[in-house]
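Trainee: Residue strings, one per chain:
2 protein chains.
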Amino acid sequence: MTGMAVFEEISPADFFYRNRDIAGFSSPSRAIYSTLRELIENSLDACEAVRVLPEVRITLRELRPSPTGAFFYSVRVVDNGSGVPGDKIPQAFGQVLFGSKFRLKQTRGTFGLGGTMAILYGQITTEMPAHIVSSTGDRYIHDYELMIDIQKNKPNVLRYKVHTNRDGWHGTLVEFTMEGDYTRAMPKVLDYLKQTAIVNPYADITFVDPKGRLYVFERTIRKLPSPPKETLPHPYGVDAETLYRLIAMTNTKSLSAFLMEHFHRVGKSLAGKVLERANLDPNRSPKTLTPSEVSDLANVMRSFEDFLPPDASCLSPLGEEILEAGIRKELNPEFVFVTKRKPSAYSGYPFIVEVGIAYGGGIPRTGDIVLYRFANRIPLLYDETSDVSWKVIHNLMDWRYYKVNPAEDPLAIIIHLCSTKIPYKTVGKEFLSDRPEIEREILNGVRLAARNLMLYLMRKRRFEIGKKRFDLYARYLPKIARFSTLLSGHKKEPDIGPLLAKVSSLGLESPGKMKGREGSHEQSPKEEGSS
Amino acid sequence: MTGMAVFEEISPADFFYRNRDIAGFSSPSRAIYSTLRELIENSLDACEAVRVLPEVRITLRELRPSPTGAFFYSVRVVDNGSGVPGDKIPQAFGQVLFGSKFRLKQTRGTFGLGGTMAILYGQITTEMPAHIVSSTGDRYIHDYELMIDIQKNKPNVLRYKVHTNRDGWHGTLVEFTMEGDYTRAMPKVLDYLKQTAIVNPYADITFVDPKGRLYVFERTIRKLPSPPKETLPHPYGVDAETLYRLIAMTNTKSLSAFLMEHFHRVGKSLAGKVLERANLDPNRSPKTLTPSEVSDLANVMRSFEDFLPPDASCLSPLGEEILEAGIRKELNPEFVFVTKRKPSAYSGYPFIVEVGIAYGGGIPRTGDIVLYRFANRIPLLYDETSDVSWKVIHNLMDWRYYKVNPAEDPLAIIIHLCSTKIPYKTVGKEFLSDRPEIEREILNGVRLAARNLMLYLMRKRRFEIGKKRFDLYARYLPKIARFSTLLSGHKKEPDIGPLLAKVSSLGLESPGKMKGREGSHEQSPKEEGSS
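Protein chains in written order, with this note's numbering: chain A, 24 to 554; chain B, 24 to 554.
Where hints are given, some of them may not hold.
Same chains, same names: a pair is fine if it fits in one copy or spans any two.
[What the hints assert, rightly or not] Here are the simulated BS3-like pairs of lysine-lysine, each with C-alpha atoms no more than 25 Å apart in a straight line:
| id | residue 1 | residue 2 |
| --- | --- | --- |
| 1 | Lys310 | Lys177 |
| 2 | Lys414 | Lys211 |
| 3 | Lys175 | Lys310 |
| 4 | Lys177 | Lys246 |
| 5 | Lys175 | Lys124 |
| 6 | Lys111 | Lys175 |
| 7 | Lys310 | Lys514 |
| 8 | Lys291 | Lys276 |
| 9 | Lys124 | Lys177 |
| 10 | Lys363 | Lys217 |
| 11 | Lys444 | Lys175 |
| 12 | Lys296 | Lys124 |
| 13 | Lys483 | Lys525 |
Just so you know, the hints here were simulated from the structure itself, not pulled from any lab data.
Isolated chain A, as found in the complex:
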C-alpha cells in the first residue's frame, strides 16, 4: 500500500486559525465587522454581569495600506464592565476555548471564542502583540502585552505591569492591530451599531471611524433589564455525558438529593417518581451507578412527562415596552404591534421569542418584508435566508390569509430570541437552526402580529370608506336640507347634526384608537389550522 496518511493532532487555536472562515473571519472586510462585534458583545456582557449601565468606546484608526490592497488598522475598545481578574487575563485573551461563557446563562457570547479569535486574526495579519488593560475595581490595574502561541493554544506574555487603581476604575481595554477593509465593511458595521442600539437602549456607545467621524449611540433609558441568572440543566436536556459529569463532582449522598440539587425544578416528590420509573433506590449513592444505569436514568429523565417546564425567570427578554420603543424610534412606522411569547423550551433550554410587526410610515417598500433578527440582544446581519425566521416568514406564513401582500406592503418583522443557549448554526453567530420548538413560537408570534395588522388594516379601510361617505353626506346633506326646506315651504332648515353623527358612528372610529400593544398577551391564534 502506498500513500499512507500522516496523522497529527492540532490545537483548537490552530483549528480556528486554519478555518477562520467558519468563525466569521473570511476576508479583510468581514474581519473588521466580526472583530468589532465580538469586542462590543464582550463589553456589553461584562457590563451587564455587574449591573452597570454600559459605556463602550470604540476607535478604529487606519495605519497604512496592506500588501493585499486592504489596510492595517489599530482597533481599540474600552468598557466600564466587570473587568477580568489579573491572573486570568492572559488565558482569557490568549487561549481559544477558555472563558466565562460556558454556563447556562443568557449571554451574547456563547462560544468563548470571539474575542480571542479577533486577537488571533490581528496577530496573524500583523504579527504585533495585543494590549490588554483591565481591573475588576480593586486596588490594581493589570496591563499586559501578549501574543498567542497558536500551535500550543497558550498565551505568551511579552510584558506585564501593575498600576495602582486610584479611582476604583473597573473595565477592560483591548487594543491591537489587524488587517481589514473598513470601506467595504462600513455599511454592515453601522447597521450593526444601529441595531445594537435599538435592543440595548440603556447602553452608551461611541464609535470613531478611520476618517475620524464620531458616531454616538446615546443611552435613552437608564434602566437595565432584569439580570439573567445562571440556571441548572433541565432534565429534558440531559444526556448520559451530563450525568457522568455531575456524578463525578456531586457531594450529594443519595440519588434523590442528587436530582434535586443539580437539576432545574426537581423537587423531592418528582425525584422520587423519576427514580421509581428508573428502578433505582432513591437512597443509593449516585457514585455507585453502573454505566447502563446512568444511561437508563438519562433516558427516563428525557422522557418523563411530569417535569415542570424550564423556568424562564433566568432569561432577560427585552420586554414589549423596550421593543416597541426601539421600533418606533428607529423605523417610525404608522402601525406597530409587539408581542412577547410565553416561555418555552427546547432540549431543556428555556427560551422566549419576542415578535414585532411594523407597517407603513418610515418602513420602505422594498418588494419584500424587511426582517430584523436579534438573539440575546445581538443583531444578526448575515445569511438571513438560512435563518429559521426567514423560513417562517417566507415558507410557513400564508400572508394572503391576513390580507397582506409582502411584495407590495411596506412591512417589517422584528424577531428577538433569548435563551440560555442560542442554537447558532455557525461559530460566526449569523443564523439560527430551525429547532421545531423555536420555529413554532416564532410562527405563532408572527401569526398573532399579522392578525393584529390585519385588524388594523381592515379598520383603516373601514375608516377610509366611512370618511368618504361622511364627506359625501357632509357636502350634500346641507344642500338637500335647504332644498327640502324650500320645497316644503318651511322656514327653518332641519338640524342635520344628529344625522351626520349617525353616519359617522357607522364606521368612523379612528384607526389610531387601536393601540399596537393591545391584545399582546392573548393566547396564540388558531388560524391556519394549527396552534
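Fit chain B to the known structure of chain A by using the hints.
Mentor: Below, chain B alone, put in the same frame as chain A:
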C-alpha cells in the same frame, strides 16, 4: 463588584459536544444524515488515498424507539480503503482535531472532525462504545471498542484484539449506535447518495436502510480520477504564523534554499528577487530572522507580483466527460453543456471550478433554476441560499441577456469546486463563503454555459421556424405544381425536390447537431461588460 465570572477551559471535544448544531448534529434527523455522509466521505477518501476502486457498504438498523419520540439505530459502514494503522485507531476515532486531513491536499474531509463527531454523537445519545476494525493490508487486523472521554478529548479503549489478516484485507469498519430519525432524514439521505454517485461513478456503494431495502449505486466506470497530490503552501497565502512554523522545522541553511524548499513554485531566481525586495541576505540562515523581519518577509511574499500562480496539477477535478456523463445519466436533459474553468487561486490555494448547464428533457419546471452544488466530490444539500453559487445565479446573472427565463424554463445548473482548501462557512460543510476569486470563476463559467444554452435555444427556434416553413412548402408545393402543370397544359409536373431542398437548407439544420461540449475550452465570454 458582584457576579464575578467563572473562568474555565474546555476541550475541543467538549466544545463540539456543547455546540453540535454547528457540526451538523442539531436534531435526530439531521444527525442521521450527517453521520452517514461523514462516514461515507471518510471511506471514499481512504480508498482514493491508496488508488483503490471504492466499495462502501452502509447498513442502518433500527433498534428501538428513543425517549424523545425518535429511534435508536445501529449504523455500520465498511470500506476497502487504506485502513488506519493500529496504533492510531484510538485517536483517529476517539479524539477531536486528530486526523490525517490537515494537509494541503484535495480531500473530502477538511476539518478532521466528522467521523469522531458522529461517534461522539452516538455516545452521548446511547452511552454505548464504538466498534472499529481496520487493517492497512499488513498481517494484522486491529479490533477496538472505545469511547471518548469528552472532557479530556482522549479515547478510552475498552477492548482491543488483534486478528491475523489471512487474506490481505485492507479497509475500515466503523459501527456504533445512535439516536436518529431516519424517516425524516430519508429524502436527504437518498438525495445525498444519488448525487454522490453522480460525481463518484467509479465507486460502488450499497445502502441497506432500516426497513431492509437495499439501494445499489453501481460503479459505471472502472477508472479512478487522477490522484490529488499534497502540495506546498503558495507564497500568496503565507502569513507570519506559517513562516514561524516553517522556520522552526526547516533544515535549510539559507533563506534562498528555505524559500525554494518550502514554497510552491519558487525557484532560485524568484527567491533571490523576493529576498532583495525584503532587504534580506539570501545566504543568511532562516533561524536568525527577527520577528519584524519575519513579518516584513511575509508581507513582501503576499504582495510580490511575479510568483507563478498555484499549479493545479495537485487537484483532481471531475473532468468534462465524467461531469457530462453524470448529468446525462441522472437528469436526462435535452441539452447539456459543461465547462472546466482554467485553474485559479484564492489566498494561495489552487482551485478549479466546473460548471454544467442542463435544459429540458428530464429537467422539471420548478419555477426556479435547479442548483446542484459539489465541492471536492461532495454534494452540498443544505443552506443553498447562503452559497456563493446561489448568489451568482440569482444576483449576479442577468438571465434576460441570455434569453432565459428562470421562472419558466426547465433549467439546472451544476457547480463543482475542487481545491486543496474548500472555504466552507460551517463545520457541517453545507455551503461556501463568497471568496471573490471563486465567485468570479463560477460567474464566468455560468456565463459561458448560459451563452451556449442561448445559442442552442436560438438554433432550436430557427429550426422550428424552418421546419414550419418546410412543412408548409412540402404540403402546398406539390398542389401548386400540379395545378400549374394543368393550367399550362404540360404533361409532366416539374421536379419540386430541388426547391424543397433549398427551403430546407435555409434554416433546417438540426439543433441536435450542436453538441453540448463544443467550445467548452473557450475563453470566458465578455458579455455583461466584464470578464
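Trainee: Within a copy, between copies, both or neither: which one fits Lys310 and Lys514 at a CA-CA cutoff of 25 Å?
Mentor: neither (104 Å within a copy, 115 Å between copies)
Trainee: When no copy is specified for Lys483 and Lys525, does a C-alpha distance of 25 Å or less occur within a copy, between copies, both, or neither?
Mentor: Within one copy only: 19 Å inside, 70 Å across.
Trainee: Between the shortest in-copy and the shortest cross-copy C-alpha distance, which are at most 25 Å for Lys124 and Lys177: within, between, both, or neither?
Mentor: Classified as both: same-chain Cα gap 19 Å, cross-chain 23 Å, threshold 25 Å.
Trainee: Reference check for the pair Lys111 and Lys175, CA-CA at most 25 Å: within, between, both, or neither?
Mentor: Intra 17 Å, inter 21 Å, cutoff 25 Å: intra and inter.
Trainee: Is it within, between, both or neither when you check Lys363 against Lys217 at 25 Å Cα-Cα?
Mentor: within (22 Å within a copy, 44 Å between copies)
Trainee: If the cutoff is 25 Å on CA atoms, where do Lys177 and Lys246 land: within, between, both or neither? Let me know, please.
Mentor: Neither way: Lys177 and Lys246 sit 39 Å apart in one copy and 47 Å across, limit 25 Å.
Trainee: How would you classify Lys414 and Lys211 at a CA-CA limit of 25 Å: within, between, both, or neither?
Mentor: both (23 Å within a copy, 18 Å between copies)
Trainee: Up to 25 Å between alpha-carbons, please classify Lys296 paired with Lys124: within, between, both or neither.
Mentor: neither (34 Å within a copy, 49 Å between copies)
Trainee: Indicate which option fits the pair Lys310, Lys177 if close means a Cα-Cα distance not exceeding 25 Å: within, between, both or neither.
Mentor: between (34 Å within a copy, 22 Å between copies)
Trainee: Between the shortest in-copy and the shortest cross-copy C-alpha distance, which are at most 25 Å for Lys175 and Lys124: within, between, both, or neither?
Mentor: Answer is both: 22 Å inside a copy and 19 Å across each meet the 25 Å cutoff.
Trainee: Within a copy, between copies, both or neither: where do Lys291 and Lys276 come within 25 Å Cα-Cα?
Mentor: within (14 Å within a copy, 73 Å between copies)
Trainee: Using 25 Å as the alpha carbon limit, work out where Lys444 and Lys175 are close: within a copy, between copies, both or neither.
Mentor: Between copies only: 23 Å across, 29 Å inside.
Of the numbered hints stated above, those contradicted by the structure are hints 4, 7 and 12, listed in ascending order.
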